[in-house]
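A.B. asks: Chains as they are written, first to last, in the working numbering: chain A, 225 to 861; chain B, 225 to 861.
Hints are not guaranteed to be accurate.
Which copy? The list can't say, so a pair holds if one copy fits it or any two copies do.
In silico SDA-like pairs for lysine to any residue, Cα to Cα no more than 20 angstroms straight-line [as the list claims (entries may be wrong)]: (1) K399 with G421; (2) K527 with V726; (3) K399 with R429; (4) K489 with S713; (5) K489 with G712; (6) K527 with N482; (7) K399 with R822; (8) K527 with E417; (9) K399 with L236.
These aren't lab readings, by the way, just hints derived from the structure by calculation.
Number of protein chains: 2
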Amino acid sequence: MTATESAATIDLDAVAELAAQLRVDSIRSSTSAGSGHPTSSMSAADLLAVLITRHLRYDWDQPHLPVNDHLIFSKGHASPLLYSVFKAVGVVSENELLNDYRRFGQRLEGHPTPILPWVDVATGSLGQGLPDAVGIGLAGKYLERLPYRLWVLTGDSELAEGSIWEAFDKASYYKLSNLVVMADINRLGQRGETDVGWNLEEYQRRMEAFGARVLTIDGHDLTAIDKAMSTAEDTSGSQPTVILAKTIKGKGFSEVENRNGWHGKPFPEDMAERAIAELGGVRSITVRGPLPEPAEPGPEPEKPETAPAPLAAPKPSATPPVYEVGAKVATRKAYGDALVSLGTRDDRVVVLDGEVSNSTFAEEFTEVYPNRYFEMFIAEQVMVAAATGIAVRGYRAFASTFAAFFTRAYDFIRMGSISGVDLRLCGSHAGVEIGADGPSQMALEDLAMMRAVHGSTVLYPCDGTSTVALVDEMARTPGISYMRTTRGSFPGLYPAGENFPVGGSKVVRAGDDDRVTLVGAGVTLHEALGAAEILADEGIVARVIDCYSVKPIDVETLATAAEATGRRIVVAEDHHPEGGLGSAVADALLAAGLQDLRLTHLAVRGMPGSGTGEELLAWAGIDADHIAAAARELVGG
Amino acid sequence: MTATESAATIDLDAVAELAAQLRVDSIRSSTSAGSGHPTSSMSAADLLAVLITRHLRYDWDQPHLPVNDHLIFSKGHASPLLYSVFKAVGVVSENELLNDYRRFGQRLEGHPTPILPWVDVATGSLGQGLPDAVGIGLAGKYLERLPYRLWVLTGDSELAEGSIWEAFDKASYYKLSNLVVMADINRLGQRGETDVGWNLEEYQRRMEAFGARVLTIDGHDLTAIDKAMSTAEDTSGSQPTVILAKTIKGKGFSEVENRNGWHGKPFPEDMAERAIAELGGVRSITVRGPLPEPAEPGPEPEKPETAPAPLAAPKPSATPPVYEVGAKVATRKAYGDALVSLGTRDDRVVVLDGEVSNSTFAEEFTEVYPNRYFEMFIAEQVMVAAATGIAVRGYRAFASTFAAFFTRAYDFIRMGSISGVDLRLCGSHAGVEIGADGPSQMALEDLAMMRAVHGSTVLYPCDGTSTVALVDEMARTPGISYMRTTRGSFPGLYPAGENFPVGGSKVVRAGDDDRVTLVGAGVTLHEALGAAEILADEGIVARVIDCYSVKPIDVETLATAAEATGRRIVVAEDHHPEGGLGSAVADALLAAGLQDLRLTHLAVRGMPGSGTGEELLAWAGIDADHIAAAARELVGG
């Protein structure tokens, strides 16, 4: 049967046929691939059939239309269902669905990614699609001020992820009535029953406690689904909505319905045939749903008060802040200054922070552009996810917290790189330099963590001028970029207006008779300069390089310096020995084919306690004295 | 006034005096240090005063007594309060409290760590103490079966962390009636009001929805606190209890009470004097609370059914499983086999998994030792935290999930290293080798992430025999150890009984005329062997090293090989280029002072999609053909 139906005429019998087709195609695609999650797809087919025919306001021919609704599969493993939807609306062919799914080099990947124009964010790591959608919802309500809705399909297993509850908390705090969660409660996780099973009242209670409006339905009753979606479409309220759907895993095929042991298993061919027969056979229905109404941006909505009234709001200046050479400033402070300046020049800059904006200095932006700031409270996962969603809508999202606490959001950063999104992250309070608070607050693995992210940019400025310049660079750098800032204040080195290209470095001390190269970044750049003074008094001339761009790193300058100084190099970093600056320098010089390196790598090799920054830098062996001693040894030997 | 009070006689007036002392000492210690969080300490002083005098059953002279209660400061920044408690019970002197707090080299660090014998786990990264306590609670109820209680002090800001809700979910699922949370709801976060403020009903609703019994009180009413704690002590129920305490930040000093802007700020000396005067002056009260009753382990409680009944439970064998050389087995399968064998020999082995035990093969242990297995569902943060708490109680906790999903718990792994706890983590589905599921499921940063953890051990076996041996090694390795396992099956290389010491490697192919060294681990070790075959056919003899111990790495064998093969080395890893195996090899050889390295590093430098494992390994340039080509180039040039 072939039929093209339009939204105006499609009745629920036709929707039922479509749902059957979605099930059949989920089975066909995964069986053909020999891989995939058909039963997880089958439980949500009715929800999607009703959604795409009657409620998702989306122009499939114009996926980037600003007024389009958004459909996000937080349960990304139900990709057969999502791709079957794409086929049903006619943007993916039957051939592609059956022959390209999960195949090498093809766009219908095992879990959806934005290689597909109808996909906003990569999913597959559970508990992320919903927090990402919170970001898009924030953009829709407060930034774009367009009436599009977010329709997020979650599974039930993923509701155990804490990030889901961070998302609900922020969705209700920020009154995201544009957010509709379709929760596919099919009871069965990967290896057995979920912790809550079919106890829908428990889920309802939790979601309502977190501020959601919950509509509990039979997830296979098309009338009930349709009614719930109509109710959900009313965005005049202030709550996100959950359509809490009791469903059956593998619905539609008696051999697997509600049976454990079929998660993530494609049906063998003979079994697939039986399933398709039971479902009524292959269909070739093409449908389109409603189109979005044209809309202009609405008035600015009232935003929850997230910061105390500023005592004295500084006049925002578009000119980048200027720091005097020699004047002490903390790079974390310069970050805050830079955001204001950048945000004045670029009204697409949006800032998020995790309850520490007075420490990261994101608060300066808060005070002058509160409408472009989103307080995320102590919830780094949803902070990074929201930044992702906001960035997806074309804004330049900067998110900050203590560098150590970005480890809380590493899976979100990882998925952000898979999404190809532009994220600008700033982690303050790097290293042992922070002093008395002790190791829980010290970032000592962040350079390694961020370098290992595909396509990332890792920046570590040592003074105010370079910080400001690099914040501007981040604003135009694609992918995941990360800046590490320092708690303490250090003297300005560079005059205003100097350029700091990504991938560059600064040679801050050099001469023709340099006998050793000292490489540092952030606090250790200052220590290296101190070491150079000590060595100079002893008649040893040292070249000093500010390696502010840890990734990509300035191979050329490092190689030139190494060659000029007899391959004698000391690298010092306020970071563990693995994967950070020293590793980056070594990788670079080896790749450049340099022979005969004499590299001494100073890093934090013990477990720090409390103390002053100076005491801890000395204890870690990364201060001026230790750098000088290492250099002395290289030169002497 | 000096008074030593015993539990039998201490009345609430005396408790009030103690509370005042705790406030005074919190102020004195932080003012002396010029650093710290007095106002965050002052809000919880009444709670702690009642707790330690009347309810915490703890022998301060025997901190490791098995029947002791446990006190955990999830709000670790209230360390002044915790240390003031230690002084009040007489285990820390006034001199230490005033002169050593936050000082270099001293044990009273800015945030508490187990350097102190009365501290179980390091805290300071918010939202972690409570999930850690869930682990200790699991040990207490199901493993040790002792009646001790967990008393956890949380702040309110940290209740925004998703991990808190993962903890509540597991605490109620596992019926941890031994867990009492004292929630200090003082309304003010670091930079302003929290998202929920003093809306205690909202917190209550959320906590009750997550299965807790909630007792809402005025957190400064000693009678109410005492009554709530008495109620909480009744562990005959099945729910964790929350004492939800409305408190005032800075309580006791009018200049800061309930005022924003004083988070994390010590009082200047003159201000401290005024505060102490208002609080009634310095006290020197020493108290002791009730001692725990002696107890023997109780009967095994009923455990929630977490896994379907096993179809046919294999007879557990204490003999390590044996794999035939040449027979294909997946290292993830061997991990499962190894756990059963190890768990039979060692009844302190406990296993946790995150809803993927049929993929990680932890399920094999589940089926034979369900009483030592804890299903944590899709909640990696609480999984690692619970493993931490269980390990703290002296068990050998092994936790597994997909390697990619350990990125969700990186902050917990980081804090685990600060705690000095022994964690055994196994991440399956490493690299592009997994194939069709695509990048969301592929671990490509995990070697970097885990190498950067202080004191970690990183293992990556290539066959069944080495996997089993290394699981045994993990069981006796202190600190954080991590094993990376592979999805696909590969031929066994090593005969049963061979040793695989941590820090070692295996030279699997070697001769006197080796012209190039090929280094791999896991899947790339097999590819390297394939490359060696290809090269042999061309008359190029290659040495092949199985670098199964990525950290610590076998510098000696690598250096010897490098020297023997003209410094020509190809390293291949199924991982991003930064911070992984290639980085470890480079670091090692540079540190060994090797000159003139000709190192070619093959790694995953692009963003993978779906495909078969073979297709993706070839695409990534890390398969046998590419390794051979790289070797050929080194030898040729």
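A.B. asks: Take the hints in turn and mark each one as holding or not.
C.D. replies: Quick rundown of the hints versus the structure:
With identical chains, the CA atoms of K399 and G421 are at most 20 angstroms apart between copies only, with a shortest distance of 16 angstroms across copies and 29 angstroms within one. In the homo-oligomer, the alpha carbons of K527 and V726 never lie at most 20 angstroms apart, since the shortest distance is 36 angstroms inside one protomer and 56 angstroms across protomers. Proximity of K399 to R429 under the C-alpha cut-off of 20 angstroms is found in both arrangements, the shortest distances being 19 angstroms within a copy and 19 angstroms between copies. Taking the closest pair of Cα atoms, K489 and S713 come within 20 angstroms of each other only across two copies (18 angstroms); inside a single copy the shortest separation is 57 angstroms, beyond that limit.
Within a single copy, K489 and G712 get their C-alpha atoms only as close as 54 angstroms, which misses the 20 angstroms cut-off; across copies the closest is 16 angstroms, which meets it. In the homo-oligomer, the alpha carbons of K527 and N482 never lie at most 20 angstroms apart, since the shortest distance is 44 angstroms inside one protomer and 24 angstroms across protomers. For the identical chains of this complex, K399 and R822 are neighbours neither inside a copy (59 angstroms) nor across copies (59 angstroms), given an alpha-carbon limit of 20 angstroms. When the C-alpha separation of K527 and E417 is checked against a cutoff of 20 angstroms, the pair qualifies only between copies, where the shortest distance is 15 angstroms, while the shortest distance within a copy is 40 angstroms.
For the homomeric pair K399 and L236, neither the shortest alpha-carbon distance inside one copy (32 angstroms) nor that between copies (44 angstroms) is at most 20 angstroms.
In this structure, the earlier hints numbered 2, 6, 7, 9 are contradicted, and the remaining ones agree with it.
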